[in-house]
Amino acid sequence: MARVVILGAGVSGHTAASFLGEWLGKKHEIIVVTPNSQWNWIPSNIWVGVGKMDASEVIFGLESVYKKINVKFKQAKALSIYPEGSIDTESGFVKIEYTGQDKAGQSEDVEYDYLINATGPKLNFHMTDGLGPENGFTSSVCTYSHAQEANVKLNESIEKMKNGERQKFVVGTGHGMCTCQGAAFEYIFNIEHVLKENGVRDMADLVWISNEYELGDFGMGGMHLKRGGYITNGKVFTESIMAERGISWITGAHVSKIEEGNIFYEQLDGNEDSVDFDFSMLIPPFGGVGLKAYDKHGDEITDKIFAPNGFMKVDADYTPKAYEEYRASDWPETYQNPLYKNMFAAGIAFAPPHLISKPMSSPKGTPINPTPPRTGMPSGMIGKAIAKSIRDLIVRGENTPLHTASMANIGAACVASTGMGFFNGSAAAMTVYPVVPDFEKYPEYGRDTDLTFGEVGLAGHWIKHVLHHMFLYKAKLKTGWTLIPE
Amino acid sequence: MEEKKIINKRAYKQGYYPPIPTGMTKFFRTCKIWQFFRFIALNLKMLKVVSKSH
Ligand SMILES: Cc1cc2nc3c(=O)[nH]c(=O)nc-3n(C[C@H](O)[C@H](O)[C@H](O)COP(=O)(O)OP(=O)(O)OC[C@H]3O[C@@H](n4cnc5c(N)ncnc54)[C@H](O)[C@@H]3O)c2cc1C
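Chain order of the listed sequences is A and B. Throughout the first sequence, residue numbering follows our numbering, covering -10 to 475 in sequence. Throughout the second sequence, residue numbering follows our numbering, covering 9 to 62 in sequence.
I should point out that these hints are in silico values taken from the structure, not numbers from a laboratory. Cβ atoms here follow ideal geometry from the backbone N, Cα and C, with glycine treated the same way. Check before you lean on any hint, since a few could be wrong.
[To be verified] With the Cβ distance kept under 10 Å, some of the chain B side facing chain A (calculated, not the full set):
1. K13
2. I14
3. I15
4. N16
5. T38
6. C39
7. K40
8. W42
9. F47
Please build the complete structure, drawing on both the sequences and the hints.
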């Protein structure tokens, strides 16, 4: 009997655990280690952040769901990995510390035959002074509890506007090295929509601030869309959405410091300035969750397994190169660690080979460029590909070929939807294919311009709602869940 | 003295340059029948993206 340990139960870890449980749960041991007892459909946190959904609608308990497919659940966080075992054991193991199940604080060594690291991002609020809801002055929607707090602050501002006090809202990225612009983009539209619903839009100034060189970069080096008889850069599409809603924007900005009511930033052209705010939601930079690794003798090997940003090294080409030389083939396909072949990393937890957007810095040398997004669809697909590989390795033996899911062959969808009513919502729906441009396959724009598109309207709004219910249904492993695509 | 009134509020500002949807575009964005067909079209496109990604 083989034992597979999955660290993290987010989009990628939960997908991998669900398929492994379904395929192997009866004959082999599948264990999930994750610190939160609840699963969170993160994209819908945006609606929690504007009070359109209750947190209970975007979460559910994991343990009972895993029971259905014989997956063992440990509510704990992984601290360190021992891929070679120790002097006492041959088998690799993970040191974990419980956060629940009446064992909080207790530690345990969990041995594995195969390991999937799907621990997602650490929200690095500390990288910018004054950033974040815990020790700073800005809100966040990255977790459902952050989104709940953001909604409380948003409502305070709405009340002030109702009493005649103007308010300024600043939304975007809180550091020069952030990713996940799409989430902030969706949030600012939802704020604008809610302000209109409350009849206070004329009392508000809305400002977008981001580390993108131009609007619509989204950490993917932008995209080209077919619109009105032209192939147009996504910048035009995104600026149009902002301008239509009366939102102004600051781009190429590294937020360097936040004080109460003031955001200080440095721009690519060297300009240093500040923007005042009454309410602000800024996405933090992401890093790996800080797992350590040790060899058989207890000597630290973290730098061999993890990149300096804390993400796990996989089968990518990490040779440093210039932007113009970036290739689709630099991106990983199997997500297997090159040193320890029974270890894989999925979703945000794997170390990208380089940026997708062009690396840039200010005259002072501050890097100001979005880092690569690893959104829901790629994260789910990577999780499933790894699950298939591990299934085959266990069932067919060590020499079986591994399954692949390169981000240069995977698309992504981002639907920024506002409003809850069936007929009174709207959305900007965007898809890109592939996420990582492939200039050898698509020499002009790096992407398939038929499958890379953007459109505003009710239809996208309906799609977003369908996706919300469909993915929660799938994640709860209800009848027919395997038929729903990632 | 006559009070100064700003009548040209947009020119040379950020929001002056991007395309702004016309009334017709806005109508189609909310027209239920048209959007029903767009819903089908967008779903098909997304399914194509998904199937090409597998
Ligand atoms: C507000 C918001 C909106 C978004 N909207 C969209 C969208 O519309 N479309 C889209 O495609 N993507 C969207 N995304 C991105 C999407 O949520 C991520 O791509 C996806 O969650 C990444 O999956 P993951 O499994 O890598 O990480 P996560 O889903 O973050 O999961 C990581 C898991 O690891 C666990 N973990 C953390 N530390 C440890 C540890 N030490 N040991 C064990 N477990 C640990 C966590 O508790 C969590 O369960 C959005 C993101 C945000 C923040």
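Hints versus structure:
A hinted interface residue such as B/K13 counts as satisfied when its beta carbon comes closer than 10 Å to some beta carbon of chain A; here the least separation is about 18 Å, so the hint is violated. The criterion of a C-beta within 10 Å of any C-beta in chain A is not met by B/I14, whose closest approach is roughly 16 Å, and the hint is violated. The beta carbon of B/I15 comes no nearer than 18 Å to any beta carbon in chain A, farther than 10 Å, and the hint placing it at the interface is violated. The beta carbon of B/N16 comes no nearer than 16 Å to any beta carbon in chain A, farther than 10 Å, and the hint placing it at the interface is violated.
Hint status for B/T38: holds, given a least beta-carbon distance of 6 Å to chain A, under 10 Å. Given the 10 Å rule on beta carbons, the hint for B/C39 holds: about 8 Å separates it from the nearest Cβ of chain A. For B/K40, the shortest C-beta to C-beta distance to chain A is roughly 7 Å, which falls under 10 Å, so the interface hint holds. Evaluation of the B/W42 hint against chain A yields a held restraint, the C-beta minimum of about 8 Å falling below 10 Å.
For B/F47, the interface hint holds, the least distance from its beta-carbon to any beta-carbon of chain A being 4 Å, beneath 10 Å.
Hint compliance for this structure: hints 1, 2, 3 and 4 are broken, all remaining hints hold.
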